[in-house]
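S.K.: With the hints as constraints, model all of the structure from the sequences given.
So in this note's numbering, spot 92 of the sequence shown is number 92, and the numbers just go up one at a time.
In case anyone wonders, no lab produced these hints; they're calculated from the structure. Misleading hints may appear alongside valid ones.
What the hints assert, rightly or not - Dumping the calculated DMTMM-like pairs for lysine to aspartate or glutamate here, alpha-carbon to alpha-carbon at most 25 Å:
id, residue 1, residue 2
1, Lys138, Glu166
2, Lys120, Asp150
3, Lys310, Asp335
4, Lys26, Glu340
5, Lys120, Glu340
6, Lys162, Glu196
7, Lys303, Glu253
8, Lys310, Asp155
9, Lys306, Glu283
10, Lys255, Glu196
11, Lys286, Glu73
12, Lys193, Asp135
13, Lys193, Glu322
14, Lys121, Glu166
15, Lys255, Glu77
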Amino acid sequence: MALYPVYPLWEIEADHAQGCVITDTKGQEYLDLYGGHAVISIGHSHPVYVQALNRQISKIGFYSNSIRNGLQETLSERLASMGGYPGYRLFLCNSGAEANENAVKLASFQTGRDRILAFKKAFHGRTSGSVALTDNPKIVAPFNAHHAVDFIPMDDFGALEKAFCEHSYAAAIIEGIQGVSGIHEASTSFFRKLRELCTTHDTCLILDEVQSGYGRTGRFFAHQHHGITADLITMAKGMGNGFPIGGVLISPEFKASFGQLGTTFGGNHLACTAALAVLQVMEDEKLMENALQVGSYLIERLKSIKEGIKEVRGRGLMIGVELHPEFPANAGLRDRLLFEHHIFTGAAGPNVLRLLPPLCLSRQQADLLISLLE
Numbered sequence: 001m002a003l004y005p006v007y008p009l010w011e012i013e014a015d016h017a018q019g020c021v022i023t024d025t026k027g028q029e030y031l032d033l034y035g036g037h038a039v040i041s042i043g044h045s046h047p048v049y050v051q052a053l054n055r056q057i058s059k060i061g062f063y064s065n066s067i068r069n070g071l072q073e074t075l076s077e078r079l080a081s082m083g084g085y086p087g088y089r090l091f092l093c094n095s096g097a098e099a100n101e102n103a104v105k106l107a108s109f110q111t112g113r114d115r116i117l118a119f120k121k122a123f124h125g126r127t128s129g130s131v132a133l134t135d136n137p138k139i140v141a142p143f144n145a146h147h148a149v150d151f152i153p154m155d156d157f158g159a160l161e162k163a164f165c166e167h168s169y170a171a172a173i174i175e176g177i178q179g180v181s182g183i184h185e186a187s188t189s190f191f192r193k194l195r196e197l198c199t200t201h202d203t204c205l206i207l208d209e210v211q212s213g214y215g216r217t218g219r220f221f222a223h224q225h226h227g228i229t230a231d232l233i234t235m236a237k238g239m240g241n242g243f244p245i246g247g248v249l250i251s252p253e254f255k256a257s258f259g260q261l262g263t264t265f266g267g268n269h270l271a272c273t274a275a276l277a278v279l280q281v282m283e284d285e286k287l288m289e290n291a292l293q294v295g296s297y298l299i300e301r302l303k304s305i306k307e308g309i310k311e312v313r314g315r316g317l318m319i320g321v322e323l324h325p326e327f328p329a330n331a332g333l334r335d336r337l338l339f340e341h342h343i344f345t346g347a348a349g350p351n352v353l354r355l356l357p358p359l360c361l362s363r364q365q366a367d368l369l370i371s372l373l374e
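M.R.: Given below as structure tokens:
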């Protein structure tokens, strides 16, 4: 039996990893500047994380949500406090796509409406509803196209005002920073106008922080750089440092009833243990501060490379490096030059390097990329 192809594969197999370094089965080390799609937040194989999961699996790894799980309650309190959303409740699931699906469902229950406002170049996941919210025709099957979703460009104030004049929305959903499309961020004035219109029109504002959250930009959530609050905040990726977990922070204004939402595996004992260990390490090792400091240093150094680089975008350790399409070294830069020098990066289209390293990245490790690009 063969595997169904999902991604083009680098021809190596990881054997073990520590911090920001992955070692393959032949003993070759690679600097991980991608974190497995922004998933590795506190670093590979962190001892606090490993010990916590080992302790938990020796006690109980899983039981369904039909009995009380105190770890869920602890995680909810800790996350609301560290994330700056005291009083918000937490729904736990398994992935970012599930988090977005459930956030949209809650908004629809709350408002009684079925139409959603989303944004050009958005990516919100690969399940049916989240695909419908994603501006990428390549992954939208005919089945996914039967949702009432309007797409407008970010930072287009005229289109934003027009959309709210013409439709009543259950929710508007926007990423703190768009990741898959190449690290694009709406302006502060646009975020604030969107918040204002959502409040005026009784529309729920959903902030998708699946990739941009959990300290990656130097604040717990990227939208906090703009001084706004959201009604629903979705998260996953860095939340479990590799253990599958997602969640939705939900405003206390939302009415709840049994049966609205449900999950078999969401918030299981191991997942919550992983998430709590991540928060502990983030706080103890000041990883949000490190992400801001090392990220600012890396962005500044990247901007100093004039030849070949068209633009550097992002905040903290969520960085897009757009290359000039005509620059000779652009062809295969990620797959040939960087990989051959044992550096993992991501990509967004043919011309953008996407950097999403663990939040423990050091300046010395950042310099390895800078030296190579220079």
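S.K.: Flag every earlier hint the structure violates by its number, smallest first.
M.R.: 1, 5, 7, 9, 13
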